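Trainee: The residues making up each chain are set out below.
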Amino acid sequence: MSKNISRRAFLKGGLAAAGTLAATRLPAKASQSPMEPLATLIDISKCIGCEACVLACSEVNQQKYPDPIKPFPKMIPKKVPVADWSNKQDVTDRLTPYNWLFIQHAEVEHQDETYELTIPRRCMHCSNPPCVKLCPFGAADQLDNGIARIDTDICLGGAKCKSVCPWKIPERQTGVGIYLDLLPALAGNGVMYKCDRCYDRLAQGELPACIEECPEDVQTIGPRKDIISQAHQLADEIDGYIYGEMENGGTNTIYVSPVPFEKINQAIEKGKGKPHMKPVADTMADANNLAAAMIIAPIAGLAAAAGKIYKMTQKDQS
Amino acid sequence: MKSPLVRILYIISTSILVITGFGQMPIYKRYYISSLPGLGWLADFYITHWLHYLSAAVLMGLVSYALVIYIFGYRRFQKPSISGFIRGLILAALTVTGVLLVINNLPGSVFSQGAIIFLDLAHMALAMVFIVAGIVAILQKSPWIVERFDR
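Residue numbers (the working numbering), protein chains in the order written: chain A, 1 to 318; chain B, 1 to 151.
Don't read these hints as lab results, they were simulated from the structure. Given the structure is predicted, the values throughout are model-derived calculations rather than measurements. Among these hints, one or two may not hold up.
[What the hints assert, rightly or not] Stretch by stretch, here's where chain B covers chain A in the computed footprint (C-beta under 8 Å, at least three residues):
#	region
1	153-164
2	280-288
[Claimed, not checked] Result set (EDC-like, lysine to aspartate or glutamate): computed pairs, CA atoms no more than 20 Å apart in a straight line:
#	chain 1	residue 1	chain 2	residue 2
3	A	LYS162	B	ASP44
4	A	LYS272	B	ASP44
5	A	LYS168	A	GLU245
[What the hints assert, rightly or not] From the derived model, a few chain B residues whose C-beta atoms are all more than 12 Å from chain A:
#	residue
6	ILE12
7	VAL132
8	ALA137
9	PRO143
10	VAL146
Glycine is no exception: its CB is placed at the ideal position from the N, C-alpha and C atoms.
Generate the whole structure from the sequences, applying the supplied hints.
Mentor: In C-alpha cells form, the structure reads like this:
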C-alpha cells in the first residue's frame, strides 16, 4: 500500500480509515515535533487544467489575503514602485498576492506526439529555502514539515525573498503590514504573499485545499523520501521526467511529466508571476561552502600566530 | 603589536562586512544606490552574502591571530584600552550571532523563528554599535591596546 495519501484515498476510506493513515502520514502534529519534511508529487499527465485547485486555494486562504489601506504612504525616493493587486483580485492566470496557485499551459511535441499539458504552479517549498534563510528580519519561517511560510505580521515587503527565489514566487501588496506603523516612507513596502501549503489545515490533519479539491488526484502528499521514490516509480512507468527533486538543492514539490522539462520550459509563458521550469542550481551552496572557510580561517590565524610567537621566542633566546 | 598587513586586512574586511551587511537588507536597490555605475553588484543578494561570509572568515582569521599574538607575546607589556575592550566585546558578540546565523543557513531548520528574529536583529544592532564605537575610536584616536604602566 502506498504510504502517501491522495484526495481519493482520503475520501474513499472514510474519515476513520483516513484518520489511521493520517495519523502516520498526514502532518497532524506538523507543528509539534520534528518530522520528515512533507513533499507533494504533481503528476502533470493527470492535470486537466480545470482550476478546481486554484479556486479551492482562493476560497480557503481568503482570510489570509491582504486588505490594504489607501492611499498608500508616499515613498522616498518618489520613484520607488508600489504593488497594488487589490483591484485585480480575480486574476488567476499568474501568481499575485491574491492568487497563490495558477495553471500554466504548454503544448509540447515529443516522440512524434503532441501533448497539451496543464501544470499547477505555486511555491516549490525548497528543502533549504533562500526566502526563509536570507530574509533579514526572520519574517519567513520553515516549519518542521518543510513548509516555507511568510509571516505576514512581520514581513516588511522588501521583496528580498522574491529576489533570491529561483522562481520569483512571492508577490508584494503595498499598503498592508507592519511597515505602516514604522517608517513607511523610508523602509518597507507592504507584505509578500505566496503559497503556505495550507499549513494551518495540515496542522489540523487536513489536506491542503488544492489537493483535497482536485477531481483528478493530480497531487499526492507524504514524507519526502516516499514521494521521491513514488515519483521515480511513476517516471519509470511512463518513461517520464522529474522536476523539483534536485532543483535548488532539492524542493518539496516534485513534478512528474511525460515530456522533458526543457521542452515544457520552452513552451510555457514565462515572466512576472509566471515561473520558469528550467534547471536550478543550489542557490545557497556557494555561501554554505564558504562556511567551511569560517572554521579554517581561525585555525590558519592560530597557526600563523604560533609561528610568529615561535620566531619571537627564538629571537629572545639568541 | 603593530602589523601593517593585519591593519590593512582588518580595515578591508570590516569595510566589506559593513557594506555587504547593509546589503542583506533590500536598501541598495530601493534607494537606487545600485543604479550608480559600478555598484550594480550591491543589489545582488547572493554576491553580497558570499562576500559577507568571505570577509567574516578573513576577520575571524585575523582576530584569532591577533589574540594569540597578544596573549602570548604582548600581554605583559600591553592591555586593551577601554575603547578596545568595548569594541572587542561587540566584535565577539557579532561573531557569535554571525556564526549562529551561518549555521542556520545550512540545510535543515535548527532554530525557531523567534530565535532567528532575535539573531537577525541582534546582529544588526551590534553592527550599528560597532560602527559607532569604531567612529568614536577614530575621532578620539583610541588604540585597541595601550601600554601597561602598572608592570
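Trainee: Please go over all the hints and tell whether each is borne out by the structure.
Mentor: Verification of the hints:
no.	hint	verdict
1	153-164	holds (count 6)
2	280-288	holds (count 5)
3	A/LYS162 - B/ASP44	holds, 12 Å
4	A/LYS272 - B/ASP44	holds, 19 Å
5	A/LYS168 - A/GLU245	holds, 18 Å
6	ILE12	holds, 14 Å
7	VAL132	holds, 20 Å
8	ALA137	holds, 22 Å
9	PRO143	holds, 20 Å
10	VAL146	holds, 20 Å
Going down the numbered hints, you'll see the structure goes against none, and every one checks out.
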